[in-house]
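With chain Y fixed as given, assemble chains W and D onto it according to the hints.
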Amino acid sequence: MYTKLVMAAGALGVAGLMAVGGPQSASAETDYIAKYGIKADAPGMCSFSSIDAKDYSGHELTILTHAVPVMGEPAALHSKQFEELTGGKVNVVHAPFGELYQKVMIPFQTGQHVYDIVYGGSYWIGDWAPHLAPVPQKYLDLPEMKDVTPAYQGVASWNGQRLQYTVDGDRNYFKYIRPPFEDAGNQAKFKAEYGRDLEVPTTWEEYAEVATFFNGWDWDGDGELEYGSTEIVQRDNIAFSNFITRVASYAKNPNVTGGFWFDLDTMTPQVNNPGFVKGLEMWMAALKYMPPGGINFGIGEEIFSWGGGQSLMSVTWDDAFIQAMQEDSPIRNKILVGTKYGPSMGSKKVWNRVANTWDEFETPSVAPYVAWGWGAGVSKYSKEQEMAFDWFCFFSNYANTNHDLLIGRFGVNPFRTSHMDPAYWEKEAGWNTDVAVSYTNMLKGMATNTNRVFDLRVPGVNQYYTAMMASVSKAMAGEMSAQAALDEVAAEWIRITERIGVDVVREAYKNVVALEDNVSLSAVK
Amino acid sequence: MRGARVNLYSGLKYGALIIWAVFVVAPFLWALSTSFKSDNGVTGGATYIPFLEYEPTLDGWAALFRDTSSGGISMQGPYLASLIVSLVSSGIALALGTLAAYGLSRFTFRAGPLSNSDITFFFISQRIMPPAILAIPYFLLLQFTGLLDTHIGLILVYVAMLLPIVVWVMVDFFNTVPTELDEAAMIDGCNPIQAFYRIILPNCGPGLVVAGLLCIIFSWSEFFFALTLSFAKVQMLPPTIVILNSNKVPWWSLSASALASVVPLVIVAFFLERYLSRGNLAGTIRE
Amino acid sequence: MIDSRYKHIFLFPALLVLVAIIIFPLIYTVRLSFSGWDINRPGLDSVGWSNYARAFVDGGFWNSMGTLYQMVFFCVLFEYTLGFGLALLLWKQVKAGRFFRLLFIIPMCVTPVVMAVVWKTIFHETLGPLNDILSWFGISGVPWLSEATPAFISIILVDVWQWTSLMFILLLAGLMSLPKEPYEAAQIDGAGPIRTFVHVTFPLMAPITIGALVIRLIESSKLMETIYAMTSAGPGSATETTSYLLYIRSLREFQIGYTASLSIIYLVIMIIALALFAKLLSRALIGRSEART
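Quick note, the sequences are listed as chains Y, W and D, same order. Residue 16 is where the first sequence starts when you use the numbering used here, and the numbers rise one by one after that. Residue 776 is where the second sequence starts when you use the numbering used here, and the numbers rise one by one after that. Residue 2 is where the third sequence starts when you use the numbering used here, and the numbers rise one by one after that.
Some hints here could point you the wrong way.
Unchecked claim - Straight-line distance between alpha carbons at most 27 Å, and here's what the computed BS3-like set of lysine-lysine pairs gives:
(1) K398(Y) to K525(Y)
(2) K161(Y) to K442(Y)
(3) K206(Y) to K398(Y)
(4) K95(Y) to K1008(W)
(5) K459(Y) to K398(Y)
(6) K206(Y) to K364(Y)
(7) K1008(W) to K104(Y)
(8) K788(W) to K398(Y)
(9) K96(D) to K788(W)
(10) K206(Y) to K303(Y)
(11) K95(Y) to K395(Y)
(12) K395(Y) to K1008(W)
(13) K93(D) to K788(W)
(14) K153(Y) to K95(Y)
(15) K355(Y) to K459(Y)
(16) K50(Y) to K95(Y)
(17) K181(D) to K788(W)
It should be emphasised that the hints constitute simulated quantities derived from the structure, not laboratory data.
So that you can see chain Y by itself, here it is in the shape it has in the complex (with noise of 0.2 Å):
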């Protein structure tokens, strides 16, 4: 009889789903905490004892995933240990996130059947949809899948279908670190220079003034500049999210329903209205306080400069937090998240698409971007599935996510309702209380807020956010304003909305509605 009812979560409320206690016919005494270097093999389906006890001898699975390390570390150590455990063989192949798309894509499309699992930007699922095998029943059942959060269950469906196996969630938030704040030589400076105090900005006009009074001098004392603000601004890289950051607030009405990116009655681009708009201009005006080449940051350089101690703040993914707080990282337990209105930054003032005018708010308007996260499913035409879900279900184990969420190079992120109590951070990672708590309170506003951002999610996205992020880094890069760049980008769109079919594309945006306004696919017109 299990005499460990310890969570591999730790302490959580979890307990009561654990007591069901699955299949226990591994081989009988294999060690697997001392074997594989996680905590607690927790029960049921997904367990390292009950994969053990599968026989997948003579199957091969063949996965496509990122380069090493984000998803293709953990994709590759798990199969190593699925293979251990089963019998069965991996092969796990790697690209680079840019190459992604069209791996997947041509076989998809030629009718070439060659991945069995395939990886990526869960933002693609509208691409992917007709090509991916449905999650079987047995598997949404499951004590791990319920504790997915509803917005990452919704990002993972389409049409009514879970079609992608949720092993990451995302978000793009802001994070800084702190004893600069609280330095009394610094507020009053900050007070002198600004006429108001030295606080946590709340919007981006006070995230401006802060980053710029922290920007180019040395504030840490490590005989080293720093600076205010470290952003992902270069093209082809994954920028466009850090726009969607940055225009958000400005553009996300909670008062306005019926769509962010299109109007979905008439399928007109929102994408230059004064929202957008002043939100680009806002990220032009950014660049005066980014690092030295900032311009052409893609998310390695962010994490490093930013996980690094070189920049005051930050409003992008978790991986510079978790980099941030590893055990070498000069500024560990010294980094906070969030705003005491939200996740991120929000505005005083929100466009209204339908009034046509801004809208005022007493207090700043946050609007949260759920970012893309790595989305991965079966595909249809494999002939593996069983055994290929089988592993998705290893994969995202309690133990394995609870091992996998605590090394930043990882690129596995919080997904799960347990992933936001304080007490796993603060006993398994180590981090400070007030650490633990801040960021788990930042997920927790990010799973209730109901003014959401979510990404483009229809097919041809890719061909939308090429255009988009063509003209924005030309505003960027100075070469032309952010009215003029928004209008090329919203008159492209409406020639590739053309192209791929105006009802194609609302058909599938509806199901992006569905998200942003709070709804069921059923409710959206």
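Just chains W and D now, with coordinates in the frame of chain Y:
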């Protein structure tokens, strides 16, 4: 006076050569130094001298052989694949191309207004095509013949890519070999094919070597098709290295793998230089 | 004359391979250019000339051609000049001449895209050695990859680093095969080094110059891997060449039919341009009577 001028000229000459030599070698030295660094040798700013400015480690080099499941690169497979594909495709291209070059050099072809030099130009002009144009058609062609994601398929593509180079080098090479040899052989009763194999080919050593070495260089370094025409079973070396350029670039293993991948090419360069210095390329570039 | 019944055996194997592997895909590309193969409409349908119509007003495409021409011009100019200079320096007996020759040939033999990735670390603005070394001379923080002109220059620099050696080796081989008589005559005439170069060396090297330039032009027009590794066509679209654009449009955005039409237009322009250039250069350097096609 004249002595001084000569010395000045000499000095400038060697100075220029040394400057260029430094420029040539610099990236390799930088990669070598960086391959022994770890995090703090990189994130603090540029460092150059091991032990003095940073603590060297073997991490970068060890990663070459580690499996991806522990964050490594697992370079052995792609290395071998690149080696085999390069050698095989070079060999085939050399064989076919030399035959064609001999034919173009010795015989007259006529197809309407087009003649030998036009056909030669046709071969050479295939190099104008950017690989990006051919990616989709090649994908479909290989899929149709069932050769997609196989080494053979890639070899086929490489042969087409290398033929122009072989033809270019060998046509002019043959043009410098006097036809008396052929005629002598044929008087002895050989047909042209026998003449080719027995008499001409053994004299072609230098040309073949130059063409062959150039083929190896180009096929080993080929990136685009290796990237776009491989899916699961084929893993070639250049994409494996460039993949590291993705997120969170690990400078040390990147540098180590870059150096490891170019070492064979440096050896090739050595041999190439020996053959070229015998003045063998002279004839090849006179149109 | 050699028995011409056998000529086909020699030529045909290679020709066959080439036709199968290049001509058929080319014809297929032409067919593709008349289809609207897209992310949502895979397969060969027919949309007439609309792809070409769209191509003619595609600002991004023509910009990339302009960028390409500028880059190729500077790259080939520098590579030719430097290559010639180095060849001249190493032509006559030089101490350690073989050592220099071997060293100088290495860059063209190493994998371009891999070296580009190494160069990217060198150009890194805060962590790379280039800006570090420049700062010893008082030049600070050059935005190598984050501003248009420096990025442009950085690509050219990497290309020059790599391919000057090709020009060097071609021109050196040419120099070494030059006849001695004109030089003896020039010496008798009392011509100095510069006059000898201008009136003897350069004209004699004309065929080699043309060959080398044409070869290098053809190869550098495909400039894409360096950009892929270093700038991703950025910042903005400052370093976007046509090859790179074609790659993005076809494989990232999946506009396969449209990109096929861009490819055909590109090919036609390139072939005409190169043929014209070769002819003009021939006329200029060799003279009408001696110009061979």
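Consistency of the hints with the structure:
no.: 1; hint: K398(Y) to K525(Y); result: 32 Å, violated
no.: 2; hint: K161(Y) to K442(Y); result: 24 Å, holds
no.: 3; hint: K206(Y) to K398(Y); result: 66 Å, violated
no.: 4; hint: K95(Y) to K1008(W); result: 18 Å, holds
no.: 5; hint: K459(Y) to K398(Y); result: 39 Å, violated
no.: 6; hint: K206(Y) to K364(Y); result: 25 Å, holds
no.: 7; hint: K1008(W) to K104(Y); result: 14 Å, holds
no.: 8; hint: K788(W) to K398(Y); result: 68 Å, violated
no.: 9; hint: K96(D) to K788(W); result: 11 Å, holds
no.: 10; hint: K206(Y) to K303(Y); result: 21 Å, holds
no.: 11; hint: K95(Y) to K395(Y); result: 24 Å, holds
no.: 12; hint: K395(Y) to K1008(W); result: 20 Å, holds
no.: 13; hint: K93(D) to K788(W); result: 12 Å, holds
no.: 14; hint: K153(Y) to K95(Y); result: 25 Å, holds
no.: 15; hint: K355(Y) to K459(Y); result: 13 Å, holds
no.: 16; hint: K50(Y) to K95(Y); result: 13 Å, holds
no.: 17; hint: K181(D) to K788(W); result: 23 Å, holds
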